[in-house]
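Protein chains: 4
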Amino acid sequence: MLIKPEEYLERLKSSRRVVYVFGRRVEDFTSHPNIRPIINSFMETYRLALMDKYKGILTAVNEEGEEINRFLHVAKSPEDLVKRVEMMRIVNSRIGTCNYRCTGHDAINALYPVTYEIDEKYGTEYHRRFRRFLREAKRNDYAVTGAMTDVKGDRARRPSEQEDPDLYLRVVEERRNGIVVRGAKIHQSGAVAADYIIVIPTRAMRPEEAQWSVSFAVPGDSKGLIYVHQWNSYEAKFLLREEHGLDIDIGNLRYGIRGTGMVIFNDVFVPWDNVFMYGETEFTGRLIEYFSAHHRGGGAGCKAGFGDVLIGAAALAATYEGVEKAGHIRNKLAYMSYLNEKAYSTGLAAAYKGVRTASGSYIPDPLLSDVAKLAAAEGFPEMLKITADIAGGLAVTGPSELDLRNPEVGKLVKKYLKTRADVDVEDRLRVYRLIENWVASPHMVGAIQGGGPPQTQLIGILRKTDFARKMELAKRIAGIE
Amino acid sequence: MLIKPEEYLERLKSSRRVVYVFGRRVEDFTSHPNIRPIINSFMETYRLALMDKYKGILTAVNEEGEEINRFLHVAKSPEDLVKRVEMMRIVNSRIGTCNYRCTGHDAINALYPVTYEIDEKYGTEYHRRFRRFLREAKRNDYAVTGAMTDVKGDRARRPSEQEDPDLYLRVVEERRNGIVVRGAKIHQSGAVAADYIIVIPTRAMRPEEAQWSVSFAVPGDSKGLIYVHQWNSYEAKFLLREEHGLDIDIGNLRYGIRGTGMVIFNDVFVPWDNVFMYGETEFTGRLIEYFSAHHRGGGAGCKAGFGDVLIGAAALAATYEGVEKAGHIRNKLAYMSYLNEKAYSTGLAAAYKGVRTASGSYIPDPLLSDVAKLAAAEGFPEMLKITADIAGGLAVTGPSELDLRNPEVGKLVKKYLKTRADVDVEDRLRVYRLIENWVASPHMVGAIQGGGPPQTQLIGILRKTDFARKMELAKRIAGIE
Amino acid sequence: MLIKPEEYLERLKSSRRVVYVFGRRVEDFTSHPNIRPIINSFMETYRLALMDKYKGILTAVNEEGEEINRFLHVAKSPEDLVKRVEMMRIVNSRIGTCNYRCTGHDAINALYPVTYEIDEKYGTEYHRRFRRFLREAKRNDYAVTGAMTDVKGDRARRPSEQEDPDLYLRVVEERRNGIVVRGAKIHQSGAVAADYIIVIPTRAMRPEEAQWSVSFAVPGDSKGLIYVHQWNSYEAKFLLREEHGLDIDIGNLRYGIRGTGMVIFNDVFVPWDNVFMYGETEFTGRLIEYFSAHHRGGGAGCKAGFGDVLIGAAALAATYEGVEKAGHIRNKLAYMSYLNEKAYSTGLAAAYKGVRTASGSYIPDPLLSDVAKLAAAEGFPEMLKITADIAGGLAVTGPSELDLRNPEVGKLVKKYLKTRADVDVEDRLRVYRLIENWVASPHMVGAIQGGGPPQTQLIGILRKTDFARKMELAKRIAGIE
Amino acid sequence: MLIKPEEYLERLKSSRRVVYVFGRRVEDFTSHPNIRPIINSFMETYRLALMDKYKGILTAVNEEGEEINRFLHVAKSPEDLVKRVEMMRIVNSRIGTCNYRCTGHDAINALYPVTYEIDEKYGTEYHRRFRRFLREAKRNDYAVTGAMTDVKGDRARRPSEQEDPDLYLRVVEERRNGIVVRGAKIHQSGAVAADYIIVIPTRAMRPEEAQWSVSFAVPGDSKGLIYVHQWNSYEAKFLLREEHGLDIDIGNLRYGIRGTGMVIFNDVFVPWDNVFMYGETEFTGRLIEYFSAHHRGGGAGCKAGFGDVLIGAAALAATYEGVEKAGHIRNKLAYMSYLNEKAYSTGLAAAYKGVRTASGSYIPDPLLSDVAKLAAAEGFPEMLKITADIAGGLAVTGPSELDLRNPEVGKLVKKYLKTRADVDVEDRLRVYRLIENWVASPHMVGAIQGGGPPQTQLIGILRKTDFARKMELAKRIAGIE
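Chains as they are written, first to last, in the numbering used here: chain W, 6 to 486; chain S, 6 to 486; chain L, 6 to 486; chain E, 6 to 486.
Only chain W is shown next, with the shape it has when bound in the complex (with noise of 0.2 Å):
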């Protein structure tokens, strides 16, 4: 049930896949130089699962008893919510970067609970064929991502407003051995490399959009599938990586930043057995809850692990320039502390204060949930410019490792560049390019977008606070009666 990293390799490189990027359609999507970091990450889940001192919490004993990998486990208890969040952390402070498999535990997690109370209401089967998918999954150790993100066209009209229906993905045509679905999910971290995509809707449907409200699982070389694969200045420069032979300059080598991109559903046919909902629009909402709720809880051990590696990058920098005891350079590195543990803390509560779903499965605590997002919208772009304030302006203006091994200034460069006798010259480079890889990238964005932009989590908790309770706590107090 634990695979190695190498046969998740070999089962994708046997997959054709119809992968763009940068405007050209990829052959062997798999040695891509902008492709294969994701893979890299991907490999590196497989891989800490199979050691031993990550045994329990990369891993997990399902229903069955046997060993998996804890991204496709269903949390059966508060203590397997917290390890996923420790889980989190572990990976992604050893990455650097997206995980990839986080989103598809998080659809797991919501569907579970969501198809059981979907057939308690209708006598549907879609729990006994979720479990069956996910059963498959778990012998095969599949990487597995979730799709939310419908791309929405204009924002101010509802998915039955929009002049093209495909806005929001949809059931264009039913089958009599599955559905036809077609639209575009976006921000689709890591779905170019996995063997299976769970679609989910990106929000709550009313009762005549039943079209749009589908749920299912497709493995990731489909029919019709296309991906487009992100483009923005880090894309360049891992573009330019083999050609130039880059290593330094690149900062995170070999996991790189966020890999993400848009997935075209262009007409995917869905066999019934892989269809998890359609048409019960009531429980869209519900779906999306539980789903949000895993998603933004976990984050927080997401980005404390992104943190670790941030604050040890700014303890670095300090330090090769000799700067690291002066009295406000350490306040600040505690400080970045701070804001990390915080953020980690409130995702570690809302795992601990988890609810059980009827399904028996559990849900980190949605309100907790929406704080441990916002914690971290707000304490990481926090942590990212104290980084640049410790860092310097050499984390962005510094020279190229290009401009290091040139035989005619590459001397010069390195003699400008020494700071302290015991530096390396190349080793405080590949500090500021990991630095650069932080603060000058889409890595904000991500903290702020990530589980949804800050609005939403506003309104959530704005739902999901009891203001009643509160006014006559305050009542009580005021002595009105």
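In case anyone wonders, no lab produced these hints; they're calculated from the structure. Honestly, I wouldn't trust all of these hints.
Since the list gives no way to pick one copy over another, a pair counts as held whenever it fits inside one copy or between any two copies.
[What the hints assert, rightly or not] Straight-line distance between alpha carbons at most 16 Å, and here's what the computed EDC-like set of lysine to aspartate or glutamate pairs gives:
(1) Lys157 with Glu214
(2) Lys423 with Glu168
(3) Lys18 with Asp33
(4) Lys358 with Glu84
(5) Lys358 with Asp85
(6) Lys480 with Asp429
(7) Lys419 with Asp169
(8) Lys60 with Glu72
(9) Lys157 with Glu168
(10) Lys480 with Glu431
(11) Lys420 with Glu168
(12) Lys419 with Glu168
Got chain W; can you put chains S, L and E on it based on the hints?
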């Protein structure tokens, strides 16, 4: 083991104490308008512990299987630590001020493991003494407070360097049957109405500072103890209360603001049985660390309870004015809830990640406890600001209830303070007074300073963060060997 | 044209007013302990204007070439606006509280151009009337306040929709020789001791709201005017002052905190000569905009003056404890200075960028004035927090001066509050009381609400920002045609 | 005296320079894709100066009555200082990046008064030399940059304590006709395309540090000068530009991000006529103070110009998605405008309160300049966060323009990125790329580090704040004698 609030009150009434309020020696301190709110808070901790709905939260079962007030309980598991945080929130959301027994809990939970550890090293009998004292405290359900903060004199000097050695509490005489101590402790919330006061040092001592390395318990009515009640504008208000029959004007009529003050140990005798440390200078640091971990972690529950009242008050003020549906008001209320739950979560996490001491007791995770305190020190003043924003100026510029009752002008005042038809003007005024009680009162200082000023937490976080490991993580990703 | 402070006082003493403080009608309001500090502040504005060193700053030369108090001056250049901000800082840094004449200045500077503009449109004679009134005010060097904030009833309803139409001040009767007005204004700082009160509407009115669209001036002792002084804990302290001979305990002994209250217009007659707007509903918005621009811009000087005192107090507290050289304390003091000068700068910029009105007078840049107010509303509470951090808990938990003077316990209290040998304990206590006066007082609410709650500034900024132009700039750079 | 942009370009084209980009010696640096945007920015400063609408703002009249580019103007009044801030906002809001001539202005305005003061003391002829140089610069309308930041080696050591004395730029040889200098300056924005570079020391020097106390000007194509262009992910993007015909993908196509890099002075000869300080160690501090005052104060205009573009971009992104009317979006846009105008105001105030030097020139108020820089360092990253919040994830996860143009998948990509019917998908993508250019780029680091890291401003504020006077104010109010 669980006494009634009235029993505590009776016990207190039979106690003779030297108490000064606003420059005058107070005859019957239990009925003084500035002291009585303190006693009311203490009583509420007794009352709630007897309620079925709080059984297991406000109460605990001790080693002998007896049900006791949790404030006297030595935590024997992370769950105990969590319940303590929850207890704090429950109690403080009902009284809207200090419960006064929290420091006692923390002193007990600090001395229990430290006395054990001292005995382990020196073969002393502190732990046995302390357990005997504790058994007695539980048997009588004593109200116990912990006294830490010395007056400290010139902060640029150590205890032994002060012109007056008494500026840190110390042993001035050893007798056959005990010791005589001299000094003064400030910020002693509730001490005036405690059955027992436990004293611990205010800072980590050096080998040459043995006379200041002392910990002990004394009855609140010990000979030589002098209580000097605090003076501030709120105390002025309370002083006027009875003479003018104030009710609305007070804000938190029953429990008031935090009642604190100076306790002078004017050569107080302590029998050996109540001495729990004397001269073991190297253990002072750990004693303070344990105390701080409990106090700072527990403070999250304290401030969250306050926050519940504050959010409720802000929501009421908005509702009474008819603006509760405005988008920006709703966002602000949601943000307050975010701040409140965030700080609370850090306390929960500190508890949940509590660590076992050699004695078998548990302390909250020291790093996360510092984080929790700092989160409250930052978040709570922010909540005060938002409340001041939502509530508007009348919270501090409104008239007195005496103006409302004035036969000449009362009707006009009422006429002009009317808002919605269904809102009673007196209720509106009550909410404003309650809000004044928070936003224009000692509470902001309390949130920042209680548990030590923020810089002490930053220093704690600096020490407790494993920067070396984080630097390793950064090096690994950056490719530095 | 510049009178002595004593002349103002004499004039006030001969004035009969209906004043209620804490539920009682006050006989001689000029000697009441809660009112007297207000009068002291007013007097200081007269005293400073006579000093050579403030000539040209606290004074101005009016159109007739006479030297007048700048508080009565109509700004005729950006330099006038700048000097007004500087004047505010100077005065308020000396009294550490409201100077009370600022709103009068703002009402004068709002009515001067608006009456001109109404006359331009309607051929009315408001401007002539207003100039005549103003000439008289200057001739007598009147203390003038401006009254804007109505009680407003149910905020979800417009003036005409309230159950009680008087909840916005209005004209209830037109007579041959004038009008009769009814209503109440709240947050009326200093009005009780003003020679004249200028009334303006509280919001932009609609065509059907003519009866509420009224502006006028009335003598402070007009028949039908009723003053209800504010009540809060600080007022309680002042009430105790004389009975107990308090001095240290007060904090700001001479000038106190902001003395504000409700002014009820219980059918007050206003002769036509003092009516400056009546029924020109479409000008109410502009009147408020001009008033707000002056008031919000000028507030930067007000808060900067407060900030000077606050920074000084924090620096003193640190010095008295011997921590003034600690790195983190120095950083915090520097940060306070940053916050203070930043908010001040926005006020200066608003003044410097002041715009000419059709009447030839100048108003501060309306956008930058909103910015200035918001900068103070954010920065000042931040300064309070830092002060509370630096000063420590004794600012609110310290003893009373009466405790110091108590023959039994006074010596002990002094002994234990001693810090550095060269610091007098009484001085230390004075600084704490001064700090309490800021950090545990109505001042935070004042900084947030004074000049309108923050959301009103955000709305103002939204309206006054040229987003279309900024979008053009963005389009140009992005290459969008 | 005002040349055309093309004249500058021609001059540059005829200049031979040693330039390395990404490890390669560049043949024609003026046409290199990573250098050309820098030149475009310079050219814009020439172009705008010739436009009537900016006459008097982008231009100034010098002592001889000739119209010159304001970037070469010595400020002779506060109004000059104000116009400089306004010029910065205008230029930078049109180019959305560094204008590169700002540091030259600051070096000129620092050397003008300091050379005067040195001559006053020592009877040297620096001022005359400098004026001659300046006259020449104006006559040719030179593009001048200022070079301050040394590489600094081990920050824990002074210049003379470094293992390699060249880590601070210094004089290595004195010749009859001039000096030879060696060292390297980093963060040299635009230097590669400057006509002249003015060098000043990086810190206040001590008496024994005479060889490092040197200031001079050199032509940009001096023998021994080596330019090593920066490397970061944005440079990678620019590198790909021509090969792939990128347009939309670039973001700020014409002017790019800040083009900076290292300038190595590999034994550069400077004739005495261009040496403006050498060995007068006690004047290094003042030189830096003057430079910093100009640079930090002027930076307010720089960041405000950026802010205009950023606000516009955020407003466009919201509009293109159809959410521009949502209450929380409007509040966020207003808040961005607040932050932008606040920082701008501090710069205006620093200018308006500018102080006269002995030479007759003016420098911005040094305290307020530090405040202005810090306000931008705090405010600008906050604006970036809000933009990232408003814009959403597509700013970094969206596809490339090459994907749009791909014949197979282009139509699908366009279909799914469609929002409102009236919004072109390409325009939408352009806005996202422009936003990426801000929120996932070196700009955040630039705002924090440009003008020196925040701690240097805090130290400056600490030194320049008159704490003694503030303590006196506090004492006066507290009644301390």
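Structure-based check of all given hints:
no.: 1; hint: Lys157 with Glu214; result: within (14 Å within a copy, 44 Å between copies)
no.: 2; hint: Lys423 with Glu168; result: between (60 Å within a copy, 10 Å between copies)
no.: 3; hint: Lys18 with Asp33; result: within (8 Å within a copy, 44 Å between copies)
no.: 4; hint: Lys358 with Glu84; result: both (10 Å within a copy, 12 Å between copies)
no.: 5; hint: Lys358 with Asp85; result: both (12 Å within a copy, 15 Å between copies)
no.: 6; hint: Lys480 with Asp429; result: between (65 Å within a copy, 13 Å between copies)
no.: 7; hint: Lys419 with Asp169; result: between (57 Å within a copy, 12 Å between copies)
no.: 8; hint: Lys60 with Glu72; result: within (9 Å within a copy, 39 Å between copies)
no.: 9; hint: Lys157 with Glu168; result: within (11 Å within a copy, 46 Å between copies)
no.: 10; hint: Lys480 with Glu431; result: between (64 Å within a copy, 12 Å between copies)
no.: 11; hint: Lys420 with Glu168; result: between (62 Å within a copy, 11 Å between copies)
no.: 12; hint: Lys419 with Glu168; result: between (59 Å within a copy, 14 Å between copies)
Checked against the numbered hints above, the structure breaks none of them.
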